[in-house]
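Chains as they are written, first to last, in the working numbering: chain A, 1 to 216; chain B, 1 to 216.
Source of the hints: derived by calculation from the structure; they are not laboratory data. In this text the structure is predicted, and so the values were computed from the model without any measurement. You may find that some hints are simply not true.
Stated by the list, open to error - Cβ-to-Cβ under 10 Å is the rule here; a few derived chain A residues that face chain B: (1) 40; (2) 123; (3) 199.
Don't be surprised by glycine CBs; every beta carbon is placed ideally from N, CA and C.
There are 2 protein chains.
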Amino acid sequence: MKIIAAKKLLKANDKYARENRERFTASGTYTINVVGSPGCGKTTLLEALMENLGGRASPAVIEGDLASTIDAQRIESRGIPVVQINTEGACHLDATMVAAAADGLDLDGIDLLWIENVGNLVCTAGFDLGEQLRLVILSISEGDDKIVKYPTIFQKADVLVITKVDLLPQSDFNLQRAESDMKHLAPKAKIFQVSARQGQGIDELADWLLRTSHGE
Amino acid sequence: MKIIAAKKLLKANDKYARENRERFTASGTYTINVVGSPGCGKTTLLEALMENLGGRASPAVIEGDLASTIDAQRIESRGIPVVQINTEGACHLDATMVAAAADGLDLDGIDLLWIENVGNLVCTAGFDLGEQLRLVILSISEGDDKIVKYPTIFQKADVLVITKVDLLPQSDFNLQRAESDMKHLAPKAKIFQVSARQGQGIDELADWLLRTSHGE
Chain A
1 MKIIAAKKLL KANDKYAREN RERFTASGTY TINVVGSPGC GKTTLLEALM ENLGGRASPA
61 VIEGDLASTI DAQRIESRGI PVVQINTEGA CHLDATMVAA AADGLDLDGI DLLWIENVGN
121 LVCTAGFDLG EQLRLVILSI SEGDDKIVKY PTIFQKADVL VITKVDLLPQ SDFNLQRAES
181 DMKHLAPKAK IFQVSARQGQ GIDELADWLL RTSHGE
Chain B
1 MKIIAAKKLL KANDKYAREN RERFTASGTY TINVVGSPGC GKTTLLEALM ENLGGRASPA
61 VIEGDLASTI DAQRIESRGI PVVQINTEGA CHLDATMVAA AADGLDLDGI DLLWIENVGN
121 LVCTAGFDLG EQLRLVILSI SEGDDKIVKY PTIFQKADVL VITKVDLLPQ SDFNLQRAES
181 DMKHLAPKAK IFQVSARQGQ GIDELADWLL RTSHGE
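The task is simple: from the sequences and hints, build the whole structure.
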């Protein structure tokens with residue numbers, strides 16, 4: 001596991017994002033920026049999707065956290081290449097951090113590169129990392145009003161994944177309301193419902209991501 | 001309900017925080033800055049505490065949100081004075097926003113002023129609002145590793161409230177681990193466990209907040 005102290009890597013983000021995207025395209029690496037609140041289930045979803053995709057794609061992960069290597073250790077224990085970015089207080093990843101992390105990976109051997117952003121439903125919205133797909137997570141336990149309350153991030157989503165649907169029976173979360181708010185805000189975004197714990201919806205999401213990564 | 005567009009109110013935060021604190025002290029208004037992730041249960045906890053405290057304290061609320069007046073409407077429907085701050089994308093409240101919001105309240109008639117910050121476990125940590133107490137929420141559904149992963153905000157907490165403990169049976173959240181991490185990081189912080197939905201722990205927290213607001 002490589003660890004990068006990223007606070008000093010601040011340059012013009014968009015230029016670096018473009019360069020990252022060109023680099024990922026050149027190496028045939030499909031890159032997914034995974035964003036959502038702290039505790040919405042980002043790492044757990046990644047684990048379930050990588051398990052499901054198994055030999056169908058060669059994955060790697062860039063983990064963004066303020067501090068700690070907890071998530072990177074979870075990924076590494078599965079034998080998957082991982083680079084940890086510790087932002088040292090910065091509230092989101094940026095393209096320079098991702099470029100530095102990509103230097104620590106053998107991109108030619110990686111089909112699917114997951115970038116797990118810092119848990120933050122606000123600041124992550126403004127920073128293109130050079131990804132091909134932005135996957136935004138909303139968990140049932142957060143409540144169905146979050147799309148209206150944090151519109152910027154949802155508006156920029158290519159995919160909305162509603163996680164922890166196994167908690168629906170204990171919740172007053174209104175799926176119809178959330179999906180309707182999302183369709184209003186981001187009409188082109190795909191919407192999936194999953195429970196990583198119970199396996200629900202993982203097949204469908206994994207298959208769709210794989211097809212999408214192949215340009216289908 | 002008053003609505004303030006706050007994006008342009010950026011000045012030296014600490015000076016304004018000091019002025020806010022002097023002003024709140026002069027009017028006998030005890031002020032609590034409530035922070036936590038999106039969907040951790042900030043508004044629901046406030047509703048439960050204000051219901052419990054009933055005639056024992058005159059409350060008011062300052063609501064911070066990127067957009068919408070959803071939370072302010074919930075508070076206003078209870079007949080409680082509320083000022084909505086819409087940050088228009090800013091990821092945390094600051095002291096100038098709170099000063100502007102306080103202008104819309106009759107502080108002399110308010111014993112307990114709740115400031116519900118933007119849902120954000122990172123950026124809210126750096127901004128003193130002039131409060132007397134900082135209450136940080138961690139919900140069971142977010143997972144027990146968040147204190148280690150987002151240390152800055154927890155280190156600055158006067159009180160940690162662990163919410164949604166009714167979800168413990170469906171969760172692998174380790175309360176002992178969370179409390180031990182918190183005691184390591186912020187030894188002086190009080191820790192409460194509550195379920196606003198089931199009423200568990202609300203009496204104890206409300207009584208403690210009232211006594212603390214009286215300087216006991």
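Checked hints:
1. 40: holds, 8 Å
2. 123: Holds. Min distance 5 Å.
3. 199: Given a least distance of 16 Å, the restraint on residue 199 of chain A is violated.
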